[in-house]
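2 protein chains.
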Amino acid sequence: MKIIKKAILPKGFQANGISCGLKRSGGLDLSLMVSSVPAKTACMFTVNTIPAAPVILDKEYYAGNKLFRAIIANSGNANCFTGKKGLKDAQLMSESVAAGLGIKKEEVLVASTGIIGKPLDIEKITRAVPGLITSLSARGIDTAKKAIMTTDTFSKEITARLQIGGQTVTVSGIAKGAGMIAPDMATMFVFLFTDALVSQSALEKALRESVDGSFNRVTVDGCMSTNDTVILMANGLSGNAAITGGKDLRVFTDALNFINLELAKMLVLDGEGASKFIEIKVKNARTVIEAKKVALQIANSNLFKCAMYGENPNFGRIVASVGASGIDIREQDLKIKLGSLKKKKIDVEVRLSRGDAECVVYTSDLTPRYIKINAEYS
Amino acid sequence: MKIIKKAILPKGFQANGISCGLKRSGGLDLSLMVSSVPAKTACMFTVNTIPAAPVILDKEYYAGNKLFRAIIANSGNANCFTGKKGLKDAQLMSESVAAGLGIKKEEVLVASTGIIGKPLDIEKITRAVPGLITSLSARGIDTAKKAIMTTDTFSKEITARLQIGGQTVTVSGIAKGAGMIAPDMATMFVFLFTDALVSQSALEKALRESVDGSFNRVTVDGCMSTNDTVILMANGLSGNAAITGGKDLRVFTDALNFINLELAKMLVLDGEGASKFIEIKVKNARTVIEAKKVALQIANSNLFKCAMYGENPNFGRIVASVGASGIDIREQDLKIKLGSLKKKKIDVEVRLSRGDAECVVYTSDLTPRYIKINAEYS
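Protein chains in written order, with the numbering used here: chain A, 72 to 449; chain B, 72 to 449.
None of these hints come from the bench; they were simulated from the model.
Please note that a few of the clues may not be correct.
One copy or any two copies: either way a pair holds, since identical chains are not told apart in the list.
Computed cross-link-like contacts, DSSO-like style, restricted to lysine-lysine with a CA-CA straight-line distance of at most 30 Å [unchecked claim]:
| no. | residue 1 | residue 2 |
| --- | --- | --- |
| 1 | 408 | 77 |
| 2 | 336 | 443 |
| 3 | 176 | 155 |
| 4 | 413 | 94 |
| 5 | 415 | 352 |
| 6 | 364 | 130 |
| 7 | 76 | 318 |
| 8 | 408 | 155 |
| 9 | 189 | 318 |
| 10 | 443 | 416 |
| 11 | 416 | 189 |
| 12 | 415 | 195 |
| 13 | 195 | 364 |
| 14 | 352 | 156 |
| 15 | 416 | 354 |
| 16 | 443 | 414 |
| 17 | 159 | 408 |
| 18 | 406 | 364 |
| 19 | 77 | 415 |
| 20 | 76 | 413 |
| 21 | 155 | 82 |
| 22 | 408 | 156 |
| 23 | 137 | 352 |
| 24 | 352 | 318 |
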């Protein structure tokens, strides 16, 4: 497997990103990603019970059909808590793309991120869509990846090339963070593209495994978003023998796992205001679920995160979090190892002495800059 | 009922607070509170599964006996995650008080607060105990209340005088916060004293109801402590007819509820780095438990707390929290009212349009000062 730290679209995909005026800064805020042929698609969405309008719409489309041609995504407005107008606006986004591409609106997924509870200025989007389509290109992913960013300070992107079923297959992904990051799911957009030919059930299985091992193991602030969306489109243009299970699916899933874990780490690295990247490994738990529970309890502790920011080896914050997780552990069975705090990357190892299961989660520190960003965000 | 915003010890109680050298600052750090006769006592402790040594010891004493004479409490060191030495040290604290007062060690409750994971300098305490006892007085509560403070910026204290069973009964309380405040229980010490004559079961019932309605409804940072301790001592010296149930118990419990809610609000008001005091009322929920769940999800959201600090009316942070709480609510059934953000006290009202239950919780904002305090705390 060859890894390229840049998004390079697989065969048959094109993209584009422009500024349509949603961001007051005038920055890029509207993205379109298109497959030249219908692509088998797997989706996962936030479990927040007040999802944004585009999430509601996508779920509806996805319930009726698994073949998609395009994703339209905007930043600058989440189109959430916007009532009937919001739902209509999300639909208008898919309709305008469908009209321009000569396809059905049910083939166009929609994603929005930004402020919650403000009506979307939909005309800015619909007016911009024809131009967005005209300039689609394989290299357009470089503007598309920027147009989904909000408080992100860098674009998250990666590509893997690997051999499956006698052919070279490409899997590439872009993502955006950077606050409101917490399981389940990690709060973000992740758009993944592959030219692999994969059966629908294998595609969904691979995505589920991969999201569980990546985006559901990172947390920035423990806050769950209303707009999280992960989309994986597979257009089958690489010419490989179809992946339906067995070794080929394992190879494909491993590549997806790698890509998504890298993107997830980038989300944490670019966590709002973050000055530290923290890896928390919980070992010798009874089950992976238990290990994850303890690791996330530590990762979401403001007191722990402040201590990390202060390069303060206050491991009492870890002890209190382990106990707060509710597992019935004896003090003498808990061992904590804290790596150097002077470095940008901090390693925390917690041993529970009660089994063989382990789990790693990633988080950032809590800094005055996080507060500044979110005190002013609107 | 007459309320005095100061701790005035009821009949038969004495206290004292001194500096024994645990705090590097030289500040007051050792408190003793004593009843002249055995007092019926109700206790509640943290549910953290790695409790501090004094919590382990108190639970042991409390399991064997409900009559206590004294509480010894230190700040500057939590005596938590300190192994066998920690347990022995907690026992030495009770033994030294017992020896000085001529009572049994099992009649002396122990509480410690401060840094976790550092051995206690027990000799500083045992050396100081004789002097601590010699200077006990009714007015000594004024130094005792200060010697339990850590990052608190003011002492929390209150007294109620009321008529029960034909006599004037006094109930007074002192508390300390100010970080690591979260249900269950609110992370703190609360020591309550009354000269009322109350049956053991009535005393325990009153304390449970009261803690549920007060300390379990405040949160500063969602972090659960290892040392939380609430102790209510009733020495029966007021001469009232014993409170065992019925109207008298209601009157007593109402007074306790009032006192504990006031102390709980003081904890929030003095939350680490807090610049705002926020009241979150969730109305029209199906059950109180549901209302409380939603209110705490909002109260513990870093994004919400940052917006409050920034006086930023970003009610999207509230929407996202309601949805993250997991209740199955429709967008159109959610109504949010946000009071003026310019004031020190901010009122948030959330209506769920699905029932008649409601719950109020209190929290503070998240500020750069919280981070500074906890980045440097050790």
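Evaluation of the provided hints:
no. : hint         : in the structure
1   : 408 with 77  : neither (34 Å within a copy, 45 Å between copies)
2   : 336 with 443 : both (23 Å within a copy, 26 Å between copies)
3   : 176 with 155 : within (18 Å within a copy, 68 Å between copies)
4   : 413 with 94  : between (37 Å within a copy, 27 Å between copies)
5   : 415 with 352 : within (17 Å within a copy, 41 Å between copies)
6   : 364 with 130 : both (29 Å within a copy, 27 Å between copies)
7   : 76 with 318  : within (26 Å within a copy, 72 Å between copies)
8   : 408 with 155 : between (52 Å within a copy, 21 Å between copies)
9   : 189 with 318 : neither (48 Å within a copy, 52 Å between copies)
10  : 443 with 416 : both (23 Å within a copy, 21 Å between copies)
11  : 416 with 189 : between (38 Å within a copy, 26 Å between copies)
12  : 415 with 195 : neither (41 Å within a copy, 39 Å between copies)
13  : 195 with 364 : neither (44 Å within a copy, 39 Å between copies)
14  : 352 with 156 : between (45 Å within a copy, 29 Å between copies)
15  : 416 with 354 : within (19 Å within a copy, 44 Å between copies)
16  : 443 with 414 : both (24 Å within a copy, 19 Å between copies)
17  : 159 with 408 : between (53 Å within a copy, 26 Å between copies)
18  : 406 with 364 : within (17 Å within a copy, 33 Å between copies)
19  : 77 with 415  : within (23 Å within a copy, 48 Å between copies)
20  : 76 with 413  : within (27 Å within a copy, 46 Å between copies)
21  : 155 with 82  : neither (38 Å within a copy, 65 Å between copies)
22  : 408 with 156 : between (53 Å within a copy, 21 Å between copies)
23  : 137 with 352 : neither (37 Å within a copy, 43 Å between copies)
24  : 352 with 318 : within (29 Å within a copy, 55 Å between copies)
In the structure shown, a violation is registered for the earlier hints numbered 1, 9, 12, 13, 21 and 23, in ascending order.
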